[in-house]
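There are 4 protein chains.
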Amino acid sequence: MTLHPSHTAPGVEIKTSPRDTMRALYKHHAGLGLALDPNRRRPEPGPRDVLIRVTKAGICGTDRHIWQWDDWAAGRIPVGIVTGHEFVGVIEEVGSAVTKYQPGLRVSGEGHVCSHTDYNARTGNAHIATDTQIIGVDRDGCFADLVVIPEENVWPVHPSIPDKVAAVFDPLGNAVHTVMAADVSAKTVLISGVGIIGLMAVTVARAAGASRIFATDINPPRLELARRLGAVEGYDARDESWIDDIRSQTRGEGVDVVLEMSGAPGAFGQSFHALRNGGVAALLGLPAKPVTFDFNSNIIFKGCTVLGINGRKIWETWYQMEALLLSGRLELDEIITHEYPIEDFEQAFATMISGDGIKVLLNVNT
Amino acid sequence: MTLHPSHTAPGVEIKTSPRDTMRALYKHHAGLGLALDPNRRRPEPGPRDVLIRVTKAGICGTDRHIWQWDDWAAGRIPVGIVTGHEFVGVIEEVGSAVTKYQPGLRVSGEGHVCSHTDYNARTGNAHIATDTQIIGVDRDGCFADLVVIPEENVWPVHPSIPDKVAAVFDPLGNAVHTVMAADVSAKTVLISGVGIIGLMAVTVARAAGASRIFATDINPPRLELARRLGAVEGYDARDESWIDDIRSQTRGEGVDVVLEMSGAPGAFGQSFHALRNGGVAALLGLPAKPVTFDFNSNIIFKGCTVLGINGRKIWETWYQMEALLLSGRLELDEIITHEYPIEDFEQAFATMISGDGIKVLLNVNT
Amino acid sequence: MTLHPSHTAPGVEIKTSPRDTMRALYKHHAGLGLALDPNRRRPEPGPRDVLIRVTKAGICGTDRHIWQWDDWAAGRIPVGIVTGHEFVGVIEEVGSAVTKYQPGLRVSGEGHVCSHTDYNARTGNAHIATDTQIIGVDRDGCFADLVVIPEENVWPVHPSIPDKVAAVFDPLGNAVHTVMAADVSAKTVLISGVGIIGLMAVTVARAAGASRIFATDINPPRLELARRLGAVEGYDARDESWIDDIRSQTRGEGVDVVLEMSGAPGAFGQSFHALRNGGVAALLGLPAKPVTFDFNSNIIFKGCTVLGINGRKIWETWYQMEALLLSGRLELDEIITHEYPIEDFEQAFATMISGDGIKVLLNVNT
Amino acid sequence: MTLHPSHTAPGVEIKTSPRDTMRALYKHHAGLGLALDPNRRRPEPGPRDVLIRVTKAGICGTDRHIWQWDDWAAGRIPVGIVTGHEFVGVIEEVGSAVTKYQPGLRVSGEGHVCSHTDYNARTGNAHIATDTQIIGVDRDGCFADLVVIPEENVWPVHPSIPDKVAAVFDPLGNAVHTVMAADVSAKTVLISGVGIIGLMAVTVARAAGASRIFATDINPPRLELARRLGAVEGYDARDESWIDDIRSQTRGEGVDVVLEMSGAPGAFGQSFHALRNGGVAALLGLPAKPVTFDFNSNIIFKGCTVLGINGRKIWETWYQMEALLLSGRLELDEIITHEYPIEDFEQAFATMISGDGIKVLLNVNT
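Residue numbers (this note's numbering), protein chains in the order written: chain A, 1 to 366; chain B, 1001 to 1366; chain C, 2001 to 2366; chain D, 3001 to 3366.
Extracted from the complex, chain A is given alone in its bound form:
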């Protein structure tokens, strides 16, 4: 285990074997973009950690924020960090106290790392632990040849699930967690916002037994895709007559479940208006700032239940996701649209940011 290769002057290739360095896409400055370091120091796993060789990685909306260096990114992301948190790979090395896994195992991993000392972490809800660090956000991530995560964050990938799908377990898990928390079986469901996770939620909700799915957005092609994935209606949210239309299809009462995935402040009021009394609203989308909200008519008089959704349950959501994938009913082909070699990361980000691509993957070791 030797020093980081970038420490060494040109001409030392012989000394810096692949054992010592790796390629890594990292935040090189407090501004736009990312840079690829061909000789990033290879990370060392601690006694309870696992070192994973990354096969494929997915670009998340969070990575776009980091790329664009918006206020949130500037306030949270340490310059120099390796980014990326969605991945599939193969275990390369395990720490000395690791007991469950061996090198050679194909795995994905949960990117939320915590000390497992608080109430939630110790009772099956580590996804809302108070001391969570996220890989690619708070510590080095997976846009690299190698990534280190604790053993307890490793998820072995079922042999029948392809790498392309396993690379997006993280956002697919967001969709699954939202859908399963809201309990959609035999219920009508409104999905407000069909970005990447909203589209995933359409196919997940259908596979999980939603009786009829309605989608809203302001992007017609995405609404069209939502219909192909199983939504019975895809409404342009700018024309508010959709609320009446939904009511006319739901006994005049409204939908049983709202999955709020847009984060658009205006959508909050609309979605609650379309929800029946006693319905459930699961909130995943993050409004950019506080929302002025009528609690009386939207929640209290209605007797609604509102669920805050964060991350994915560890590991209940992952088991549910695997079960849904093995059912053969999830349709992800039109959602995972592009794959690029990691060296073409600029094109990959451009495709994702432009909206030409939906879920865009980086091929790292394939």
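Quick caveat, the hints were computed from the structure, so don't treat them as lab data.
Please read these numbers as outputs of a predicted model, since none were measured by experiment.
Hints should not be assumed to be uniformly reliable.
Calculated cross-link-like contacts (lysine-lysine; reagent style DSBU-like; alpha-carbon spacing at most 35 Å) [as the list claims (entries may be wrong)]:
no. : chain 1 : residue 1 : chain 2 : residue 2
1   : A       : Lys289    : C       : Lys2289
2   : B       : Lys1100   : B       : Lys1164
3   : C       : Lys2100   : C       : Lys2164
4   : B       : Lys1289   : D       : Lys3289
5   : A       : Lys100    : A       : Lys164
6   : B       : Lys1100   : C       : Lys2100
7   : D       : Lys3164   : D       : Lys3100
8   : D       : Lys3289   : A       : Lys164
Partial chain C-side listing against chain A, Cβ under 7 Å, derived [unchecked claim]:
no. : residue
9   : Tyr2026
10  : Asn2120
11  : Glu2253
12  : Leu2286
13  : Ala2288
14  : Phe2295
15  : Asn2296
16  : Cys2304
17  : Leu2307
18  : Leu2332
From the three backbone atoms N, C-alpha and C, an ideal C-beta is built for every residue, glycine too.
Start from chain A and add chains B, C and D according to the hints.
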């Protein structure tokens, strides 16, 4: 709404006007079979009752017990009763204090009638009220031109659901109640016994989001049909190796959910053996007598949850059933196999009892 | 069934026989106050209604709004209505189609009246039916000798519960519904706002098994009373250091449950700040207008569950309330502070509005 | 933290230094009793283990089976094992990869050890993991100066909870898990069998908000104690009229919840008979052999829910237990009846087996 022409033979109008009598299939003696009375006295609705002209009615396994006059029937059924409890029809007349419905409405109805005075009836669980009377079992039923039920037992039928399906809301509701109570969304499910309700449970569980469904029975054609309806495996229960096979497909742990619909004492132990620790078993099938059961290994050490399932929730199950039907995902065509005019009731019962038919309907006023 | 003798002064029988009129406190004009009509026309029960002679009635915060004729009251209350919705009485007469109850029965009643035709009303959640009318708000209420409610709104009072307590089943039911919805057993609970219902919630939460109760308000005597009823701490909400104090007593994480009963917009943010990740907030208090609210930090990142609470479950809450009363652990003596004859209604309202009284009763026929 | 003086007899320091040996109560042969080894080899913690110096330990019914060497013990217990699984102590040493705890911390621990690789262990239900080993049963236990458990099995003890109580977290956790799984808040509860855990369940159920508690047993002094701990009735189960008496106190319907803690086959049928339709039965007591059971009348027609209860949830039950203890409402003084130095283990076991004592403790390092 006019009377069925076969009611009135020429020249008999004065003595037995359509207002006074009707056809009815009733238990004419304490023995085998039923008889058709062409001139049964027409029932009168009380102030809070509704009189319904029956369009179609379904023959239930309970009706078979009544036909065969087994011990259960001899102990429970009053001779002289009009049988039948599964139906669809049209409201003909409403009592003086009825406020919700009008004549002409197409309806089905909940056959479990109670006084709505006990805890369960007053808290949304009238299906397990202590003073329940069942139409066609404890009071006159629907194998007749007309049937009376309380207003509060009426279910208006959605216009897009055909009579053929609405006629079997009662057993379909059993299946829906069992499936929804067990919460199958994104879970593996074993359906033990694929008689009429077990087969319905296969298509219901699939529509409600079960990830993979396994079925057991000792009737190969029914197992084959279960596969066509969505079961990934249909096992002959006489070869117990199916338990190992299921375990090999469920991480070695067993299924998440068992739906016990056979009532076969031997199946109880087997099904619990195939259930994972912490799983849910919903019991609908009625064993003919007490079962010798290992609570320790089957329930206590496993940390399982066992649900007793009786009837259908009033009206939660009915709403769920409507939602599942409107989803377009329930496949009932191969389950509702035969229809006969009520006059051919002997052939209808023979078809059902022989197993040639699965769900057999009587056409009453069509 | 004869009228109460004090009703009829000598010599007035001819003009206003007991059969024809009654005393009633009603909204006599679109302005401040109420008036007592000694000769209000006696109401007639419909076929499915029950006529109840009121023994005692409670004055609610809603009645104060009606008295003060604020914007809400001016927009909702029809001038001329008999007010009041909390009561206990005795059945005087039943409609022709009533089957469950007889004259002479001591009863209270659910003031939320609906047609029982929508999803919630038909599935055990009539408290959030869409067509609810409230007695004393939308139709004549109980500040009168007699009140009419539908048979299905009648609650027979357990013999061991005194009239004084049965008269406040309505607000006590609000407290019980809130507490039970939030599931406080073995949990730490923050009650935000200890007005009438907040104080009831303290004793209810304690009886229902809350491990430790914290209360906030800006009224020191009420906080002192909250402590006597079982709160371990009563914080003046104007000093925000209470949040840190609560955290120091809850592993640094915050309380398991918040019961928001103040309706104060500022309290919303504070209470959610004091709630642990994954906690439950039940909202009963009605803010006077929309609240600017940080959904991200308060709900989404925390993974919280928010419950809108309206009325009381019919009848689940009533059964729970009876169970808690029969446990002997509810302490209501310091909450029900005053009783006045209905003729002294002006003093009764003054006592309630000044805050000298907490729950103030009107004695109607005692 | 100094060593227990009895460890070191004069002159033996060289051969058996405190670092090398300890006192331990172990199963010395395949027969009656246990033996105390004064020089048992001190256990070594692995990299992820914690070595705990035991302060106090509790004698469980399981230990009695091991002492008496009944069929169960002969089939499960390896001769030579150190017994005991209920304890409180102080961390003496931690393994090299331990991150959460330090020597000197006062702790108890969960005795169910598993690899955390199966579905339940990874989703918050490690108490029903399939590969569980129990300390004192499958691996060395806590009737010794020192015990080793994995770091992830350690529970830090709240400073305000005395050692005497912390020593019985294991059985108290059984009681808490049963009560909390059945959700007793504002409900009537029948506790069938008031042995050690049944008595604990009485005080736990009362603190957790049960409205009224009924107890049955065949031991009058225990029933008397159950009454002192909060049961409104303590019935001798041999006189079956208790079922009618309970019904008369529960609207004629039966109790909301049954906690089956006797394991007596006859009690199963009786308890279900006393349960209302739609009620919940939590089963903890282990019948010695299969029970002949009427599923139809006891579970299916009633629409009941049956919960198998095993161990304690890790760590949800422990948090609930701490919350209930901090509420000040658990009364354990009459349940923890005796304490003996570990050297007097024969007297301790005799006191426990005779029934003179209820929960009997061994003082190891106090």
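We went through each hint and held it up to the structure:
Taking the CA atoms of A/Lys289 and C/Lys2289, the gap is near 19 Å; set against the 35 Å cutoff, the hint holds. Distance restraint check for B/Lys1100 and B/Lys1164: the Cα-Cα separation of roughly 25 Å lies within the 35 Å cut-off, and the hinted pair is therefore satisfied. A threshold of 35 Å between alpha carbons decides the hint, and for C/Lys2100 with C/Lys2164 the separation of about 25 Å falls inside it, so the pair holds. Proximity of B/Lys1289 to D/Lys3289 is assessed by CA-CA distance (about 19 Å); at most 35 Å being required, the pair is judged to hold.
Pair hint A/Lys100 plus A/Lys164 holds up; C-alpha atoms about 25 Å apart against a cutoff of 35 Å. At most 35 Å may separate the alpha-carbon atoms for a hinted pair to count; B/Lys1100 and C/Lys2100 meet this at roughly 20 Å. Only pairs whose Cα atoms come within 35 Å are accepted, and D/Lys3164 paired with D/Lys3100 is accepted, the gap being roughly 25 Å. At roughly 52 Å between alpha-carbon atoms, D/Lys3289 and A/Lys164 are farther apart than 35 Å, so this suggested pair is violated.
Below 7 Å, beta-carbon pairs count as interface contacts, and C/Tyr2026 has none with chain A, the closest being about 26 Å; its hint is therefore violated. Of the supplied interface hints, the one on C/Asn2120 holds, with its beta-carbon coming within about 5 Å of a beta-carbon of chain A, less than 7 Å. Annotation: C/Glu2253 was flagged as interfacial toward chain A, and the flag holds, the nearest CB pair being 6 Å apart, inside 7 Å. With a cut of 7 Å, the hint placing C/Leu2286 at the interface with chain A holds, because the nearest CB-to-CB distance is about 5 Å.
Of the supplied interface hints, the one on C/Ala2288 is violated, with its beta-carbon coming no nearer than about 9 Å to a beta-carbon of chain A, more than 7 Å. Below 7 Å, beta-carbon pairs count as interface contacts, and C/Phe2295 has one with chain A at about 6 Å; its hint therefore holds. Hint on C/Asn2296 holds. Least Cβ distance to chain A is approximately 5 Å, under the 7 Å limit. Below 7 Å, beta-carbon pairs count as interface contacts, and C/Cys2304 has one with chain A at about 5 Å; its hint therefore holds.
Below 7 Å, beta-carbon pairs count as interface contacts, and C/Leu2307 has one with chain A at about 6 Å; its hint therefore holds. At a threshold of 7 Å, the smallest CB-CB gap from C/Leu2332 to chain A is about 25 Å, leaving the interface hint violated.
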